[in-house]
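Let the sequences and hints guide you as you build the complete structure.
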Amino acid sequence: MKTVTIRLTAPLQSYGDEANFDRRTSYDYPSKSAIVGLIAAALGYRRTDSRIQTLNQLDYAVRIDQPAEPLTDFQIVEWKRGKRKLTYRDYLQDAVFLAAVGSEDDALIDRIYWALHHPRFQLSLGRRANVPAGPIMTEIALGSNPAQVLQFLSWHASRFYMKKTKSATFVAELIADAALLPNHRSSMVKDNVITFDQRERQYGFRAVAFDRVPLENPYHPDRTAETDHDMMTFLWKEDQR
Amino acid sequence: MTTNNLYLDIHVIQTVPSSNINRDDTGAPKTALYGGVSRSRVSSQSWKRAVRQSFQDDTVTVGYRTKKAAQLLKDALQKLTPDLSDDDAWEQVNAVFKAASVKLDKNEETSALFMVSPGQIDQLAQYVKDNADGELDKKAIKAVLKGNQSIDLALFGRMVADNPELNVEAAAQVAHAISTHEVVPEFDYFTALDDLQPDDTTGAAMLGTLEFNSATLYRYANINMNDLIENLGEAAAVDGAREFVKAFALSMPTGKQNTFANKTLPSYVMLTLRTDTPVNLVSGFEDPVTSKQGYVKQSIEKLNAAYKQTLQFVEKPLLNVALGADASAIAVPAENLTALLGQVTTELTKVVKDENGND
Chain A
1 MKTVTIRLTA PLQSYGDEAN FDRRTSYDYP SKSAIVGLIA AALGYRRTDS
51 RIQTLNQLDY AVRIDQPAEP LTDFQIVEWK RGKRKLTYRD YLQDAVFLAA
101 VGSEDDALID RIYWALHHPR FQLSLGRRAN VPAGPIMTEI ALGSNPAQVL
151 QFLSWHASRF YMKKTKSATF VAELIADAAL LPNHRSSMVK DNVITFDQRE
201 RQYGFRAVAF DRVPLENPYH PDRTAETDHD MMTFLWKEDQ R
Chain B
1 MTTNNLYLDI HVIQTVPSSN INRDDTGAPK TALYGGVSRS RVSSQSWKRA
51 VRQSFQDDTV TVGYRTKKAA QLLKDALQKL TPDLSDDDAW EQVNAVFKAA
101 SVKLDKNEET SALFMVSPGQ IDQLAQYVKD NADGELDKKA IKAVLKGNQS
151 IDLALFGRMV ADNPELNVEA AAQVAHAIST HEVVPEFDYF TALDDLQPDD
201 TTGAAMLGTL EFNSATLYRY ANINMNDLIE NLGEAAAVDG AREFVKAFAL
251 SMPTGKQNTF ANKTLPSYVM LTLRTDTPVN LVSGFEDPVT SKQGYVKQSI
301 EKLNAAYKQT LQFVEKPLLN VALGADASAI AVPAENLTAL LGQVTTELTK
351 VVKDENGND
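If you're matching them up, the sequences are chains A and B in order.
With the UniProt record's numbering as the guide, the letters of the first sequence map in order to residues 1 to 241.
With the UniProt record's numbering as the guide, the letters of the second sequence map in order to residues 1 to 359.
Source of the hints: derived by calculation from the structure; they are not laboratory data.
We put the beta carbon where it would ideally sit given N, CA and C, even for glycine.
Watch out, some of these pointers could steer you wrong.
[Said to hold, decoys possible] Here's a subset of chain B near chain A, in silico, CB distances under 10 Å, partners left out:
(1) Tyr34
(2) Gly147
(3) Asn167
(4) Tyr220
[Claimed, not checked] Keeping only pairs whose Cα atoms sit at most 27 Å apart, straight-line, the calculated DSS-like set for lysine-lysine is:
(5) Lys103/B <-> Lys83/A
(6) Lys256/B <-> Lys85/A
(7) Lys83/A <-> Lys68/B
(8) Lys292/B <-> Lys164/A
(9) Lys163/A <-> Lys256/B
(10) Lys297/B <-> Lys308/B
(11) Lys98/B <-> Lys83/A
[Stated by the list, open to error] Residues on chain A that point at chain B, a partial pick, calculated with CB under 7 Å:
(12) Phe74
(13) Asp94
(14) His117
(15) Pro119
(16) Val131
(17) Ala133
(18) Pro135
(19) Glu139
(20) Gly143
(21) Ser154
(22) Ser158
(23) Phe160
The structure is reproduced here in structure tokens:
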């Protein structure tokens with residue numbers, strides 16, 4: 001099993017769940033279909049390409065390293081002078097996710113890894129305008145499935161967010177294919193790509209399971225050199241004199 | 001897949017003074033959180049519309065985004081065949097749309113906005129005229145609707161729900177512009193007097209507040225040159241890229257323009273031609289710029305630093321040119337916008353030609 005992890009971050013991301021024209025909503029983490037779409041775009045598969053379906057077979061897990069602040073954006077669609085329609089789109093702001101896909105087919109993971117750095121089509125995080133911030137950051141792990149890899153990878157949040165977090169550990173949510181997390185709470189989501197073909201865009205259900213991963217906060221005072229700021233210790237030292 | 005990727009990145013630093021160019025449903029300027037602080041935001045769709053309008057002002061032929069595509073075809077048809085009656089014209093137009101699998105409602109309108117270029121309308125009209133007696137060929141009509149694309153259609157794409165075969169994948173990607181620094185909303189309290197108010201009455205006839213902000217924006221867009229070539233052909237794609245860069249740099253959404261007169265020009269434009277991947281440098285502003293002496297200088301410095309940092313992760317670009325103060329720090333400096341566009345066009349032409357030579 002070879003696994004590639006992808007750090008997903010941008011000012012805006014969105015991972016549509018079931019939505020209508022007027023209001024387009026979002027999951028609060030990247031759906032498997034979003035990552036399948038991202039990889040398909042990188043590999044140069046067009047919407048109707050049947051190879052997209054085989055990407056569903058990749059093992060998938062995602063960790064929420066920096067939870068999003070939701071935003072509802074408002075957009076006017078004007079189709080002729082004076083005729084307008086209001087639509088609302090939900091976005092995830094300022095989030096960082098660590099997505100991981102794995103396969104027994106090492107060559108496929110290598111191809112995906114290369115393609116993510118040489119994408120045939122532009123990559124976007126859920127919507128075309130959600131351009132990833134900075135170059136895509138990836139890591140490769142051997143011998144572990146995506147859920148295992150995300151159990152031991154360090155915290156990938158933004159520096160400001162780590163600094164802002166006052167606790168020594170941050171507990172990240174982990175969502176994975178149910179098969180990767182046996183004996184965990186699981187539920188069904190509708191993000192198994194059947195086809196991205198715009199004539200009949202379809203998704204099936206698949207089971208996901210949930211876990212929580214404690215991550216060390218490198219910016220917590222306990223982990224930095226200066227650990228001695230207990231006022232009482234100082235008083236106690238005074239007493240000894 | 002032996003063809004290399006070819007991406008043109010466009011980075012712009014631009015200060016917009018007190019303004020409200022892109023509003024949300026409460027009339028306040030749009031914002032986004034990034035790096036834990038609130039930023040001013042201008043949505044990509046808003047700026048793309050400004051670019052389309054700029055094309056028009058520049059007499060670059062743009063397409064129509066309309067529900068009245070059938071009416072356009074009917075007019076073109078009657079221009080070609082002046083003695084054609086209204087009823088006959090509509091009959092032929094309906095046959096064309098039926099062949100293209102695009103539904104028209106009882107008012108002869110498409111159910112959604114349909115993007116069509118003037119070249120396509122003219123060609124369709126000619127096709128109908130030439131085949132007035134024979135059968136309409138679905139494939140030929142589809143070919144017309146996919147060919148002869150206007151530049152905005154090629155850059156921003158087309159979605160036809162009725163018949164996705166007519167879809168055009170957009171070659172450009174435009175990010176929402178965000179400020180490089182934190183913005184706090186500002187409120188302008190205003191009162192207005194009634195000119196005809198009697199002398200014995202005092203006070204304002206009207207009062208209210210207006211929300212606005214001022215921001216130094218980071219704006220980013222890229223073009224997938226291979227897709228643009230696929231949509232437009234080689235020569236037109238190079239011209240199209242140049243027109244897009246020009247329009248993207250010089251345009252601005254018109255929201256509240258008359259209230260604030262906030263039409264500014266960019267302080268810095270950097271163009272990078274890459275063969276691996278497009279790179280959005282917004283990550284350079286995750287730590288917001290803080291300053292007591294304006295934001296432009298530091299924003300440019302941060303953009304340059306972010307660019308340098310990316311070189312650790314991506315391949316060296318074919319070309320990196322910039323316009324504005326401090327341009328020489330990391331890029332080939334250009335004297336003015338024309339020179340900047342000239343350098344990119346020369347390089348693009350060269351690369352596109354080389355690609356051909358390899359085939």
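Hint check:
Interface hint at Tyr34/B: satisfied, since its Cβ lies 4 Å from the closest Cβ of chain A, which is below the 10 Å cut-off. Using the Cβ-Cβ criterion of 10 Å, the hint placing Gly147/B at the interface with chain A is not satisfied: the shortest such distance is roughly 19 Å. Below 10 Å, beta-carbon pairs count as interface contacts, and Asn167/B has one with chain A at about 6 Å; its hint therefore holds. Given the 10 Å rule on beta carbons, the hint for Tyr220/B holds: about 6 Å separates it from the nearest Cβ of chain A.
Pair hint Lys103/B plus Lys83/A holds up; C-alpha atoms about 20 Å apart against a cutoff of 27 Å. For a cut-off of 27 Å, the pair hint linking Lys256/B to Lys85/A stands: about 20 Å separates their Cα positions. Between Lys83/A and Lys68/B the CA atoms are separated by roughly 13 Å; this keeps the pair inside 27 Å, and the hint holds. Simply put, Lys292/B and Lys164/A have alpha-carbon atoms about 24 Å apart, close enough for the 27 Å limit, and the pair holds.
For the hint linking Lys163/A to Lys256/B, the alpha-carbon distance of about 39 Å lies beyond 27 Å, and the restraint is violated. Among the hinted pairs, Lys297/B with Lys308/B is consistent with the structure: their alpha-carbon atoms are about 17 Å apart, no more than 27 Å. As the CA atoms of Lys98/B and Lys83/A are separated by approximately 25 Å, the hinted pair is consistent with the 27 Å bound. With its C-beta approaching chain B no nearer than about 4 Å, Phe74/A sits inside the 7 Å limit, and its interface hint holds.
The interface hint given for Asp94/A holds, since its Cβ lies 4 Å from the closest Cβ of chain B, which is under the 7 Å cut-off. Taking 7 Å as the C-beta contact cut-off toward chain B, the hint placing His117/A at the interface holds, the least distance being around 6 Å. At a threshold of 7 Å, the smallest CB-CB gap from Pro119/A to chain B is about 6 Å, leaving the interface hint in force. The closest approach between the C-beta of Val131/A and any C-beta of chain B is roughly 4 Å, which is under the 7 Å cut-off, so the hint is satisfied.
Annotation: interface hint on Ala133/A holds; nearest CB of chain B at approximately 4 Å, less than 7 Å. With a least beta-carbon distance of about 4 Å to chain B, the hint placing Pro135/A at the interface is held under the 7 Å criterion. The beta carbon of Glu139/A is not positioned within 7 Å of any beta carbon in chain B (closest approach about 12 Å), and the interface hint is therefore violated. Annotation: Gly143/A was flagged as interfacial toward chain B, and the flag is violated, the nearest CB pair being 25 Å apart, outside 7 Å.
For Ser154/A, the suggested interface contact is broken, since its CB lies about 18 Å from the closest CB of chain B, more than 7 Å. Taken as an interface hint, Ser158/A checks out: its beta carbon lies about 6 Å from the nearest beta carbon of chain B, inside 7 Å. Because the beta carbon of Phe160/A sits about 5 Å from the nearest beta carbon in chain B, less than 7 Å, this interface hint is met.
Hint check: violations occur at hints 2, 9, 19, 20 and 21; the rest are consistent with the structure.
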